Amino acid sequence: MKKLVSILLVLVLALALTPAMAEGPAYDGSEVTITFYNTMGTNLTPVLEKYIASFQELYPNIKVNYTSVGSYDDVRDQIATEITVNGQPNIAYCYPDHVALYNLFKAVRTLDDFIDSTAEVTRADGTTEIMGLTAEQKADFIEGYYNEGLQFGDGKMYTMPFSKSTEVLYYNKTFFDENGLQVPTTWDEMDEVARKIIEIDPDSTPIGYDSESNWFITMTEQLKSDYTVAEDPYFLFNNETNRDFVKRFREWYQDGLLITYKLNGGYTSGRFVADSKKIYMTIGSSAGASHQTPAAKDGVAPFEVGITTIPQADPSNPRVISQGPSVCIFKKANAQEEAASWLFVKYLTTSVEFQAEFSIASGYVPVIKSVIDNPIYAEHLANAGGYGEHTTALSAKICLEQVDAYYTSPAFNGSSTARDQVGELLAKCFSIPDSEDVDAKILEYFEAAVKECVYSR
Amino acid sequence: MVESKQQWKAWLYLSPAIALLLVFTVWPIVNTVRMALLEDYSIAAASGGDRVFSLGIGNFVKVAQYQNFLTCLKNTALLCVATVPISTLLALLVAVALNSIKPLRKTLQTIFFLPYVTNSIAIGMVFAAMFNIVGSVGTRRPNIVTLGIINNVIEFFGGHYVNWINTGSSYWANMIVLIIYIVWNALPFKILILLGGLQSINKQYYEAAKVDSTPRWRVLWRITVPLLSPMIAYVVITGFIGGFKEYTSIVGIFGESLGPAHAPGRLNTMVGFIYEALEQYHQGRASAAALILFAIILVVTLINLQVSKKRVHY
Amino acid sequence: MSQQTLKVMQSRDLKRTTSKQNIGHTLGTVGIYAFLLFMALVVLFPFYWMVISSLKSLAEYRMSKPTFWPQTLLLSNYRDAFTTANLGRLFLNTAYVGIVSTLLSLFITIITAFAFARLDFKGKDLLFAALLGTMMIPGELFTITNYITVNSFGWTHTFTALIVPFLVSVFYIYLLRQNFLQIPNELYLAAKVDGTSDWKYLWKVMVPLALPTLISITILKMMGAWNSYIWPRLVANDDMHRLVTNGLRNAFKDTSGEVNYPVQMAAVALVSAPLFMVFIFLRKYIMAGVSRSGIKG
Chain A
1 MKKLVSILLV LVLALALTPA MAEGPAYDGS EVTITFYNTM GTNLTPVLEK YIASFQELYP
61 NIKVNYTSVG SYDDVRDQIA TEITVNGQPN IAYCYPDHVA LYNLFKAVRT LDDFIDSTAE
121 VTRADGTTEI MGLTAEQKAD FIEGYYNEGL QFGDGKMYTM PFSKSTEVLY YNKTFFDENG
181 LQVPTTWDEM DEVARKIIEI DPDSTPIGYD SESNWFITMT EQLKSDYTVA EDPYFLFNNE
241 TNRDFVKRFR EWYQDGLLIT YKLNGGYTSG RFVADSKKIY MTIGSSAGAS HQTPAAKDGV
301 APFEVGITTI PQADPSNPRV ISQGPSVCIF KKANAQEEAA SWLFVKYLTT SVEFQAEFSI
361 ASGYVPVIKS VIDNPIYAEH LANAGGYGEH TTALSAKICL EQVDAYYTSP AFNGSSTARD
421 QVGELLAKCF SIPDSEDVDA KILEYFEAAV KECVYSR
Chain B
1001 MVESKQQWKA WLYLSPAIAL LLVFTVWPIV NTVRMALLED YSIAAASGGD RVFSLGIGNF
1061 VKVAQYQNFL TCLKNTALLC VATVPISTLL ALLVAVALNS IKPLRKTLQT IFFLPYVTNS
1121 IAIGMVFAAM FNIVGSVGTR RPNIVTLGII NNVIEFFGGH YVNWINTGSS YWANMIVLII
1181 YIVWNALPFK ILILLGGLQS INKQYYEAAK VDSTPRWRVL WRITVPLLSP MIAYVVITGF
1241 IGGFKEYTSI VGIFGESLGP AHAPGRLNTM VGFIYEALEQ YHQGRASAAA LILFAIILVV
1301 TLINLQVSKK RVHY
Chain C
2001 MSQQTLKVMQ SRDLKRTTSK QNIGHTLGTV GIYAFLLFMA LVVLFPFYWM VISSLKSLAE
2061 YRMSKPTFWP QTLLLSNYRD AFTTANLGRL FLNTAYVGIV STLLSLFITI ITAFAFARLD
2121 FKGKDLLFAA LLGTMMIPGE LFTITNYITV NSFGWTHTFT ALIVPFLVSV FYIYLLRQNF
2181 LQIPNELYLA AKVDGTSDWK YLWKVMVPLA LPTLISITIL KMMGAWNSYI WPRLVANDDM
2241 HRLVTNGLRN AFKDTSGEVN YPVQMAAVAL VSAPLFMVFI FLRKYIMAGV SRSGIKG
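Residue numbers (this note's numbering), protein chains in the order written: chain A, 1 to 457; chain B, 1001 to 1314; chain C, 2001 to 2297.
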């Protein structure tokens, strides 16, 4: 009897709370402290601090702490251990694969009820805002970036885009102009121009690629072949189309046209800006333009940097990876902490001023479209060029030009292994010597990689 | 008759050690067995809260069937089988030689001990640099900057350079580098122990041999080795135990990819396997692998003891 | 073989010694020296190569014909190494962990060894045997659970995680207990008559007498902190708490462009230097400790 009463009570309570639950709890002005893990260096933390201060003017009872943890992997490892003792932060920089890991612990707060909430919150200056996103705010997000939050297989929103980058092709413009070379837009053209370059400078390696994993996944997108799916059998990347493109690029490597991060033993940018053993085209993160810019010697830059979109398989269906941090919110016992975290995330991701200033300082691009009209950011982009500090703006510009080409791949338990494995696959397959049965070896490596992925689950 | 006061005092003195041992030694032993026997145990799923783990040997099966498990086992066994005899033999020769000289003995003894006081990761990086080729090899268009000092020496003596550890290098080339490094690293301890053993051998045995003008090598095999056999057994057994736990030397030479760029993980060992499982939040499999390793070490040590029982002259 | 026969044989043989055998003997000795010097060269070469590489410019290092002595001594590599690998911080972290864990460990080892050597209590032998038994089990078995334990104590990314789990070493307890047992009973009984407490006797009499063993333990423990890699990498791999071995490997993991080997070698030399210093000054204790331990650092 007692049991029945308590069950009834719970039911009544649950019914009473249901509308509020669907809306997500509104922040009620209570005093909370939230922590934000990121990887920002000392060049970026002043920007963050400035906007934390202005956020706290609106919400003086929300205290925001932040910790720069190190690399993205460090953030993941630290949080994964902290979750086991319920010590995770409120907000953290994340990549989709990290969230897939946190999801094993069921530790990530989904955001749909916050996004849709129309509850009003009063700020310290007397104005109000709604908890959720307005229709305009939602439409302002670059769609490809926003949809990254939805790639976890259940259609729910797990992350918000924070600042983004993509891969671009850096090339030695001075060298290309001097030798009358065409900048490639397709892989076929790249093949052609690389063979010309190695004739001109036999000591060089014409092409560098910084991320084997990105390359593999991007190729599957460009060729519309299978990579992974978020349900059984998960790992579909062992197919003929994929083996064929790997085989083709192996030829490039064997012919001395190509080097990648793993095979080079370091980022290829070092050789792009070097004086000898040069690389003339390198595909790397658009946020890394400063590393791809040679230092001026006696006030003169050794060469002009050109930046363009990466080559495509089918120019009518351009595909390029979207990377850079998103943020996720962790579940907490205190619903007000979650609500306050959401308000802060919303503030940073929808603030035109923050997005503009942070993008200029970091080399990443903003996640909302209206930043482009921001006068400061527009001026930054207007300064784009091929020398010195202007290359950062140039790469951002190229990055923004291809917002329609972004794709996302599903994130699930095992997706990070798949990512690592396909990267290793490229390095392994490229270095199969001619003396062996190349097709058989490639097939063997692909099969082993799939097995490795299955085992990791 | 033990006073109860002294009883109390003794336990008081022992309490810090016992408390720490219970938490960090006894509990881990119990818990390892527990986790190994819970199907697919993972602390991630466990703290997610909705998983009940059933009892079973699934972790052992998964580990044993895993494609890289055999690789790890093979590497570990190979390194043991190669490095223990080589380093024991070399150490024996060095110790005997050292024992037979007077001038320079102290200096040489110090030099031979030097590798012991080094950091195995740090000096591994030195070995890697010595064998490393800067530039690219193993393609149709090799583009070599410098071959590395070992290859320079090989070419100086008229040989052809070898791709030891770079992209495209062969498994055996990798293994040879590892064996050289591990032997180099293992020598000092073995020399020290064997030299200590030699110095405690009664000089009279040698004097008898001297009188008979027995050749040195005969003295070595007929007198020294048998008399030294307990020490030799000791360094062989500890060598095997250490060999089965090899891991940091490989990180020193190849970095955490545990292999050249085209074959990452190729030189992984049992211990490396355990840590990998741990980092992927597969605590059940890590525990199973640790127990397997324990069983192997136990069996190998028992065999060693059995063999030495027959051969060792006490 | 009795002394008597030996002597007889000896005198008989002395007469037979010919100059031919003497030459053979000299040749043998030359051979022995040649072998030892060659082996010494093999042992020393990596150190030599580390030092001279660390003094070369990158251009010189990359020359296809190697130089065995740097053309120009480039000491700036050491400065670069110090900043690249953030060695100052790593040294401080490691020294802190080394010193604190050594002091605490010594204290626990001393009182535990004392209890086993001097005090009587029920189950003493059984307990001691059980302790020795744990030495048989490979450390990897402990790591997995200790990692979980340390996490659940909230110790990740703290020095505590690096210190506490390894405070008790059964081996050190064993070593010190043996040493304590050698101290004559009479001393203890005399002290009892004088009314000296056990506690005072331990610290005033036994500890000073066992000093050489304690020094060996100290050095081995410090070396352990200096060389540890796996555990620190698992539990405290952040900038504030990273230890030297781990930091060294990390600093040269992600590189933009090619590895600057001279700088890397300079970093390795800097990391190796402190252990070498300790070794040179305290050779005797280290070798004594190691020969009884059978463990590496």
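Some hints here could point you the wrong way.
Straight-line alpha carbon distances no greater than 30 angstroms define the calculated DSS-like cross-link-like pairs of lysine-lysine that follow [unchecked claim]:
| hint | chain 1 | residue 1 | chain 2 | residue 2 |
| --- | --- | --- | --- | --- |
| 1 | C | K2124 | B | K1009 |
| 2 | B | K1062 | A | K106 |
| 3 | C | K2122 | B | K1009 |
| 4 | C | K2122 | C | K2192 |
| 5 | B | K1009 | C | K2204 |
| 6 | B | K1102 | B | K1203 |
| 7 | A | K331 | A | K63 |
| 8 | C | K2124 | C | K2204 |
I should point out that these hints are in silico values taken from the structure, not numbers from a laboratory.
Treat the numbers as computed from the prediction; the structure is a model and nothing was measured.
Here's how the hints hold up against the structure:
no., hint, result
1, C/K2124 - B/K1009, "holds, 13 angstroms"
2, B/K1062 - A/K106, "holds, 25 angstroms"
3, C/K2122 - B/K1009, "holds, 12 angstroms"
4, C/K2122 - C/K2192, "holds, 22 angstroms"
5, B/K1009 - C/K2204, "holds, 18 angstroms"
6, B/K1102 - B/K1203, "holds, 15 angstroms"
7, A/K331 - A/K63, "holds, 18 angstroms"
8, C/K2124 - C/K2204, "holds, 25 angstroms"
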